[in-house]
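Same order as they appear, the protein sequences are chains W and A.
Counted from 1, the first sequence has number 33 at position 33 by UniProt numbering; the numbering is strictly sequential.
Counted from 1, the second sequence has number 80 at position 80 by UniProt numbering; the numbering is strictly sequential.
These aren't lab readings, by the way, just hints derived from the structure by calculation.
It is possible that some hints are incorrect.
Put simply, identical chains are the same to the list, so a pair is met inside one copy or across any two.
Said to hold, decoys possible - With a cut-off of at most 16 Å between alpha-carbon atoms, the simulated EDC-like pairs for lysine to aspartate or glutamate come out as follows:
#1 128 x 349
#2 55 x 19
#3 329 x 50
#4 293 x 367
#5 122 x 175
#6 128 x 138
These are the residues of each chain, in order.
There are 2 protein chains.
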Amino acid sequence: MTLSYPINDRHRIAAPQLDVPARLLLGPGPANVHPRVMAAMSLPTLGHLDPSYLKVMDEIQSLLRYTWQTDNPLTISVSGTGSAAMEATLANSVESGDTVLVGVMGYFGHRLVDMASRYGAKVEKLTKPWGQVFNLDELRQGLETYRPTILALVHAETSTGACQPIDGVSELCREYNCLLLLDTVTSLGGVPVFLDQWGVDLAYSCSQKGLGCPPGLSPFTMSPQAWEKLQNRRSPVANWYLDMNLLNRYWGNERVYHHTASSNLNYGLREALRIVAEEGLENRWQRHYNNAKMLWEGLSEIGLKCHVAEEFRLPTLTTVRVPDGVDSKAIARQLLTEYNIEVGLGLGELAGQVWRIGLMGYNSRKENIVLLLKALQETLYA
Amino acid sequence: MTLSYPINDRHRIAAPQLDVPARLLLGPGPANVHPRVMAAMSLPTLGHLDPSYLKVMDEIQSLLRYTWQTDNPLTISVSGTGSAAMEATLANSVESGDTVLVGVMGYFGHRLVDMASRYGAKVEKLTKPWGQVFNLDELRQGLETYRPTILALVHAETSTGACQPIDGVSELCREYNCLLLLDTVTSLGGVPVFLDQWGVDLAYSCSQKGLGCPPGLSPFTMSPQAWEKLQNRRSPVANWYLDMNLLNRYWGNERVYHHTASSNLNYGLREALRIVAEEGLENRWQRHYNNAKMLWEGLSEIGLKCHVAEEFRLPTLTTVRVPDGVDSKAIARQLLTEYNIEVGLGLGELAGQVWRIGLMGYNSRKENIVLLLKALQETLYA
Numbered sequence: 001m002t003l004s005y006p007i008n009d010r011h012r013i014a015a016p017q018l019d020v021p022a023r024l025l026l027g028p029g030p031a032n033v034h035p036r037v038m039a040a041m042s043l044p045t046l047g048h049l050d051p052s053y054l055k056v057m058d059e060i061q062s063l064l065r066y067t068w069q070t071d072n073p074l075t076i077s078v079s080g081t082g083s084a085a086m087e088a089t090l091a092n093s094v095e096s097g098d099t100v101l102v103g104v105m106g107y108f109g110h111r112l113v114d115m116a117s118r119y120g121a122k123v124e125k126l127t128k129p130w131g132q133v134f135n136l137d138e139l140r141q142g143l144e145t146y147r148p149t150i151l152a153l154v155h156a157e158t159s160t161g162a163c164q165p166i167d168g169v170s171e172l173c174r175e176y177n178c179l180l181l182l183d184t185v186t187s188l189g190g191v192p193v194f195l196d197q198w199g200v201d202l203a204y205s206c207s208q209k210g211l212g213c214p215p216g217l218s219p220f221t222m223s224p225q226a227w228e229k230l231q232n233r234r235s236p237v238a239n240w241y242l243d244m245n246l247l248n249r250y251w252g253n254e255r256v257y258h259h260t261a262s263s264n265l266n267y268g269l270r271e272a273l274r275i276v277a278e279e280g281l282e283n284r285w286q287r288h289y290n291n292a293k294m295l296w297e298g299l300s301e302i303g304l305k306c307h308v309a310e311e312f313r314l315p316t317l318t319t320v321r322v323p324d325g326v327d328s329k330a331i332a333r334q335l336l337t338e339y340n341i342e343v344g345l346g347l348g349e350l351a352g353q354v355w356r357i358g359l360m361g362y363n364s365r366k367e368n369i370v371l372l373l374k375a376l377q378e379t380l381y382a
Numbered sequence: 001m002t003l004s005y006p007i008n009d010r011h012r013i014a015a016p017q018l019d020v021p022a023r024l025l026l027g028p029g030p031a032n033v034h035p036r037v038m039a040a041m042s043l044p045t046l047g048h049l050d051p052s053y054l055k056v057m058d059e060i061q062s063l064l065r066y067t068w069q070t071d072n073p074l075t076i077s078v079s080g081t082g083s084a085a086m087e088a089t090l091a092n093s094v095e096s097g098d099t100v101l102v103g104v105m106g107y108f109g110h111r112l113v114d115m116a117s118r119y120g121a122k123v124e125k126l127t128k129p130w131g132q133v134f135n136l137d138e139l140r141q142g143l144e145t146y147r148p149t150i151l152a153l154v155h156a157e158t159s160t161g162a163c164q165p166i167d168g169v170s171e172l173c174r175e176y177n178c179l180l181l182l183d184t185v186t187s188l189g190g191v192p193v194f195l196d197q198w199g200v201d202l203a204y205s206c207s208q209k210g211l212g213c214p215p216g217l218s219p220f221t222m223s224p225q226a227w228e229k230l231q232n233r234r235s236p237v238a239n240w241y242l243d244m245n246l247l248n249r250y251w252g253n254e255r256v257y258h259h260t261a262s263s264n265l266n267y268g269l270r271e272a273l274r275i276v277a278e279e280g281l282e283n284r285w286q287r288h289y290n291n292a293k294m295l296w297e298g299l300s301e302i303g304l305k306c307h308v309a310e311e312f313r314l315p316t317l318t319t320v321r322v323p324d325g326v327d328s329k330a331i332a333r334q335l336l337t338e339y340n341i342e343v344g345l346g347l348g349e350l351a352g353q354v355w356r357i358g359l360m361g362y363n364s365r366k367e368n369i370v371l372l373l374k375a376l377q378e379t380l381y382a
């Protein structure tokens, strides 16, 4: 073999064998991965159309339906992180000129606004100070004013730690003839989610929080009503990778090749969902709630306050007020370098004002709370 | 905690512990994963902004530049499979009304056509029978006729096993003032690729073929010229997840949060690229060529013919003609069930006419060729 050009060795760095610190990931995600998930991911790679892999896909679909409490046929894992499934909900449901009403009570509401506008939506916003949630009257008022085709809400706002009540929302949506789109990134697998009882039409989540996988896959589901809107589009979905018409032919009975899905990542997701089914949703949600309560009490004991009113506080993600005069970044850095603990910083309106502490999935355990509280205390009052 | 609704247990299946067959993946990808890559992926998960993870990102960027033979600053891994990076090249470079000229000589050329049209491009096609490649005169004629803003070619057509020569193409593109976009999904890490010498402006690949990782990440790069076109857009990129303006702020010096990248997948990619740098590109390309040559000779010895003329044959992916009267699906099924060997079937124009045999990355080894040839012989002539 003769080469036409000399090899450029400028970027041929001698990287050492990889050695990474073992962090306790108590920020907004990723959380630490369940050891059984890691072991499952290490099983031999299969082709994306191997009969043995198709079985894994079917099991994932069932177990995702259980975890989300939905019967939606189109319930799958998207080959990308949570933001990809988020974009998938909008790409498939929005057509140019549609009005999308977004409830913005934090960072991820803003992201929904940005994404929806890229698909040609006329985007309207309802806003709340970060850390608060919408009541039904406010949502009704928004629907009455803007008459959207889609109402997009964030169930668990990862940037604020607030949990938006969803009961009663879909009745409003039916009244105003619009679809309900819900972000469950920080709720799935940790906080009660009843997609069908709530009448949610489009939802997405991620693998690396309440489910205890590494990042890389993202659960997606759409109701028969949302599927019907997709079938009645006037224009093709403006995104090939996330087009549910194509993905449904791969995940459904036809098994038509779309993209090269990652068997290893999906083994991990299957194992994580299997653990959810073994534990049972009620036990799992209760565990998350009990541990969050322990954290909140412990924070109070060391003189720290939560940002969100207890009634609307997420068990999976707690925003803790930074005491006056304390540099939130410096404390987070100290927790990382001295204790190998990652916590999150405030975003947007809450920058510098809160830390974000996640107790999600495999990480929602007593020993993590005890360690974190002691480390926080030592760091703050040293 | 009181739940508002009873739990629906309909989808709470009792899935057994996962046990998958150990396949030898000699199809069009995924290939088997290098054991060192698997081990690296099992290291503890890091947050996407952890200083230790940012270092991993920098190393990936350098080593990807080496592997692609480019100095492009914006050289990254996209958090999705190869099709995601493919879509990223078009999403960032195409604006509504742009003319994109696609060289279609197989399935992935058609995919480029489909994707580009979703971003509002006026798509023009040059076509070739599957298994052939374009010459410079044909490309010049296409550029002269259609005056596109982008010429999109597939370097290594995974559906046909043909390798499109790229020397001299960028000189034409400069003459006609258009960008050159190149699919290197089945060439990166296995076949000589000289992005900068070839004057390529946008390129993408995948993790699961020549690099020896599982699927889930996809290399992406763009030249300063393509970056300039992106900066001069009249409209926002119609895809949030793949918007390189945002991704550049995460991969570049600013380190602004975009999405939750998968540290574990990127550990694997880093290890795979580290192995490429250890082996050296010239040795690696030579190994792929030598092994392919051994396969081609062995196929001929058992009476099988290759579909593509030797001059344009890909060392990574060989299309083998199915003998008259043989059911290609039945043989592939037998290889899978009796020998645990996966080979690919023909797609599109080549459905039923070829098998697709991949010798990529870690799988390009003598023992695999010997086993496959013997298994093929036994299966065909039993």
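These are the hints, each one checked on the structure:
1. 128 x 349: The answer is within: 11 Å in one copy meets 16 Å, while 56 Å across copies does not.
2. 55 x 19: between (35 Å within a copy, 11 Å between copies)
3. 329 x 50: between (48 Å within a copy, 13 Å between copies)
4. 293 x 367: So residue 293 and residue 367 pass the 16 Å test inside one copy only (14 Å; across, 58 Å).
5. 122 x 175: neither (21 Å within a copy, 41 Å between copies)
6. 128 x 138: within (10 Å within a copy, 59 Å between copies)
The structure is inconsistent with hint 5 alone, although it conforms to all the rest.
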